[in-house]
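A.B. asks: Residue numbers (the working numbering), protein chains in the order written: chain A, 1 to 115; chain B, 1 to 120.
Fair warning: there could be bad hints in the mix.
[Unchecked claim] Simulated DEER-style distance windows between Cβ atoms:
| no. | chain 1 | residue 1 | chain 2 | residue 2 | range |
| --- | --- | --- | --- | --- | --- |
| 1 | B | L26 | A | E39 | 18 to 26 Å |
| 2 | B | A72 | A | T112 | 37 to 45 Å |
| 3 | B | G16 | A | Q58 | 45 to 53 Å |
| 4 | B | T17 | A | P9 | 34 to 42 Å |
| 5 | A | P9 | B | I12 | 28 to 36 Å |
| 6 | A | M54 | B | I12 | 39 to 47 Å |
| 7 | A | P115 | B | T57 | 43 to 51 Å |
| 8 | B | D27 | A | D31 | 25 to 33 Å |
| 9 | B | T17 | A | K71 | 38 to 46 Å |
| 10 | B | K41 | A | Q58 | 29 to 37 Å |
| 11 | A | S74 | B | K66 | 32 to 40 Å |
| 12 | A | Q45 | B | S73 | 50 to 58 Å |
| 13 | B | E87 | A | H72 | 30 to 38 Å |
| 14 | A | S52 | B | K41 | 26 to 34 Å |
Since the hints were derived computationally from the structure, they do not count as laboratory data.
Note that the Cβ used here is the ideal one computed from N, Cα and C, for glycine as well.
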Amino acid sequence: GESVGLHLPTLSVQEGDNSIINCAYSNSASDYFIWYKQESGKGPQFIIDIRSNMDKRQGQRVTVLLNKTVKHLSLQIAATQPGDSAVYFCAENFAGGTSYGKLTFGQGTILTVHP
Amino acid sequence: GAVVSQHPSWVICKSGTSVKIECRSLDFQATTMFWYRQFPKQSLMLMATSNEGSKATYEQGVEKDKFLINHASLTLSTLTVTSAHPEDSSFYICSARDTDRAPATNEKLFFGSGTQLSVL
Chain A
1 GESVGLHLPT LSVQEGDNSI INCAYSNSAS DYFIWYKQES GKGPQFIIDI
51 RSNMDKRQGQ RVTVLLNKTV KHLSLQIAAT QPGDSAVYFC AENFAGGTSY
101 GKLTFGQGTI LTVHP
Chain B
1 GAVVSQHPSW VICKSGTSVK IECRSLDFQA TTMFWYRQFP KQSLMLMATS
51 NEGSKATYEQ GVEKDKFLIN HASLTLSTLT VTSAHPEDSS FYICSARDTD
101 RAPATNEKLF FGSGTQLSVL
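Looking at chain A on its own, in the form it has when it is part of the complex (with noise of 0.2 Å):
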């Protein structure tokens, strides 16, 4: 089935903690899966991807470790700013054929960070 957000829960972080962000993901059989940032108003935005044979990959102050024997998703960002401050969705895809793209949303969880 799709994961589905009614009310999305909320993390709370002072400013220079590191914050993790989990999802859970539906389809055992997804074998791409984003990492989104959406501020108020504005389409999500790219953060950081992960395939499938990966269980770990870093980026810029963010990591993402993907546990597929759970089907569990986790963003950890570093040195979390104020800028930081959004709601961050994870998304998944079966990539195979031509259904790439075709993105299932988590629940999404609202970051605020407190300077």
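Since the structure of chain A is provided, determine the placement of chain B on it from the hints.
C.D. replies: Same frame as chain A, but now just chain B:
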């Protein structure tokens, strides 16, 4: 980098009227685009897949006669909300797939900035 332009960014209309939303890929050709709907404080829900030169594929529960999709060129897909009602008020977002992007580039899927539709 690749950019997807969505227009208008917001629209207010009367109940019963139709509203057209445009999604354009600005520097790449997109044979496939996707339309999502997002209600306040909720996640994005895929509505349909827009295919250039062929009929759109709608997700279960999405009325194709209510949400008309036209993908007449490689850079433009339009979503028309027909006979809009207050329950259609939502944030509509499109995305486009850049299939020509170099394999070394991970980001091949680009989102528009969204359209806030308010039906009175």
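A.B. asks: Compare the structure with each hint and give your call.
C.D. replies: Taking the hints in turn, this is what the structure says about them:
1. The beta-carbon spacing between B:L26 and A:E39, approximately 21 Å, falls within the hinted interval of 18 to 26 Å.
2. A beta carbon spacing of about 43 Å between B:A72 and A:T112 agrees with the range 37 to 45 Å that was offered as a hint.
3. Checked against the hint of 45 to 53 Å, the pair B:G16 and A:Q58 passes, with Cβ atoms roughly 52 Å apart.
4. The given range of 34 to 42 Å is respected by B:T17 and A:P9, whose C-beta atoms sit roughly 37 Å from each other.
5. In this structure the hint that A:P9 and B:I12 lie 28 to 36 Å apart at CB holds, the actual value being about 31 Å.
6. For A:M54 and B:I12, the Cβ-Cβ distance of about 45 Å falls inside the hinted range of 39 to 47 Å, so the restraint holds.
7. For A:P115 paired with B:T57, a C-beta distance near 46 Å keeps the hint of 43 to 51 Å intact.
8. Between B:D27 and A:D31 the beta carbon distance is about 28 Å. The supplied range of 25 to 33 Å therefore holds.
9. A hinted range of 38 to 46 Å holds for the C-beta pair B:T17 and A:K71, which are about 43 Å apart.
10. Range check, B:K41 to A:Q58: Cβ separation about 30 Å, and the 29 to 37 Å hint holds.
11. Distance hint check for A:S74 and B:K66: the Cβ-Cβ separation is about 37 Å, which falls inside the suggested range of 32 to 40 Å.
12. For A:Q45 paired with B:S73, a C-beta distance near 26 Å fails the hint of 50 to 58 Å.
13. The beta-carbon spacing between B:E87 and A:H72, approximately 34 Å, falls within the hinted interval of 30 to 38 Å.
14. Distance hint check for A:S52 and B:K41: the Cβ-Cβ separation is about 30 Å, which falls inside the suggested range of 26 to 34 Å.
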